[in-house]
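S.K.: Sequence:
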Amino acid sequence: MEISERILLSAEELFFRYGVKSVTMDEIARELGISKKTIYQHFPDKDELVFQVVEKRMVKNRTDMVCSVGAGKNTVERVVLMNEVMRQMLSVVNPGILFEIKKYYPRAWQVFQKHMQEHVLIDTVADLRQGIADGLFRSEINVDVMARLRLKEIEFGFDNQWFPPNEYSLAQVQYEFMDHFLRGILTDEGLSVYLKHYPA
DNA sequence: TACCGG
DNA sequence: GCCGGT
Numbered sequence: 584m585e586i587s588e589r590i591l592l593s594a595e596e597l598f599f600r601y602g603v604k605s606v607t608m609d610e611i612a613r614e615l616g617i618s619k620k621t622i623y624q625h626f627p628d629k630d631e632l633v634f635q636v637v638e639k640r641m642v643k644n645r646t647d648m649v650c651s652v653g654a655g656k657n658t659v660e661r662v663v664l665m666n667e668v669m670r671q672m673l674s675v676v677n678p679g680i681l682f683e684i685k686k687y688y689p690r691a692w693q694v695f696q697k698h699m700q701e702h703v704l705i706d707t708v709a710d711l712r713q714g715i716a717d718g719l720f721r722s723e724i725n726v727d728v729m730a731r732l733r734l735k736e737i738e739f740g741f742d743n744q745w746f747p748p749n750e751y752s753l754a755q756v757q758y759e760f761m762d763h764f765l766r767g768i769l770t771d772e773g774l775s776v777y778l779k780h781y782p783a
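Under our numbering, think of the first position of the first sequence as 584, with each following residue one higher.
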């Protein structure tokens, strides 16, 4: 594997587990058994490294999404599946990481924002439309408004001012949001499908 | 690895 | 004093 790719993978794993600021360039180098100089031959500074880690993760998330679209039989299953994948990820992610990136790494934050607005929003709208077509979501909902609500909900779950990590589990908060959101838009038929995944 | 500067 | 950068 390319050395630059290995650097990105190690950096991502460390950032996700411990946060971005608390992981030093020395630690990334030590993890890989290489020198800091090697890292700086591939990345001009830490800002660029963080930027590329986020960009790579966004691209991978997108391909994972496309795969998971085929995995579920219907829209409810897909939303639940996607949430399961997310919960799995969140259980090992340092909760402060999103706001840390927002505060200290504006370039990486912009890539994240752009990805959310250009890809995730469109995918979510498409999912809601499909759910309505399948008779699982209520047709009265405004799919564009509800898609935006869902994305901001997920982002809100990361807000450690409102949900201090020692008081709330990130995965639990995200589950509560998903459950509440789905119950608000499900038809009776959709609800019964949903309850097969999460019996009340 | 040691070092400088923020 | 720590850490990014040389």
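Because the hints were derived from the structure by calculation, they are not lab data.
Note that the Cβ used here is the ideal one computed from N, Cα and C, for glycine as well.
Mixed in with the good hints there might be a few duds.
Below, a list of computed lysine-lysine pairs in the DSBU-like style, where the Cα atoms sit at most 30 Å apart [unchecked claim]: (1) Lys656 with Lys686; (2) Lys619 with Lys686; (3) Lys685 with Lys643.
With beta-carbon atoms standing in for the labels, derived distance ranges [what the hints assert, rightly or not]: (4) Tyr623 with Pro748: 29 to 37 Å; (5) Ser618 with Thr770: 16 to 24 Å; (6) Asp628 with Glu588: 30 to 38 Å.
S.K.: With respect to the beta-carbon atoms only, verify the hint that Tyr623 and Pro748 lie 29 to 37 Å apart.
M.R.: holds, 32 Å
S.K.: Quickly compare the C-alpha distance for Lys619 and Lys686 to 30 Å and report which way the hint goes.
M.R.: Judged against 30 Å, a Cα distance of about 25 Å means the pair holds.
S.K.: Quick one, are Lys656 and Lys686 close enough, alpha carbons at most 30 Å?
M.R.: violated, 40 Å
S.K.: Range hint 16 to 24 Å: satisfied by the CB atoms of Ser618 and Thr770?
M.R.: Cβ of Ser618 to Cβ of Thr770: about 60 Å, so the range 16 to 24 Å is violated.
S.K.: If you draw a straight line from the CA of Lys685 to the CA of Lys643, is it 30 Å or shorter?
M.R.: Roughly 20 Å separates the two Cα atoms, so the pair holds.
S.K.: Holds or violated: 30 to 38 Å for the Cβ distance of Asp628 and Glu588?
M.R.: About 19 Å separates the Cβ atoms of Asp628 and Glu588, which means 30 to 38 Å is violated.
Hints 1, 5 and 6 from the earlier list are contradicted by this structure; the remaining hints agree with it.
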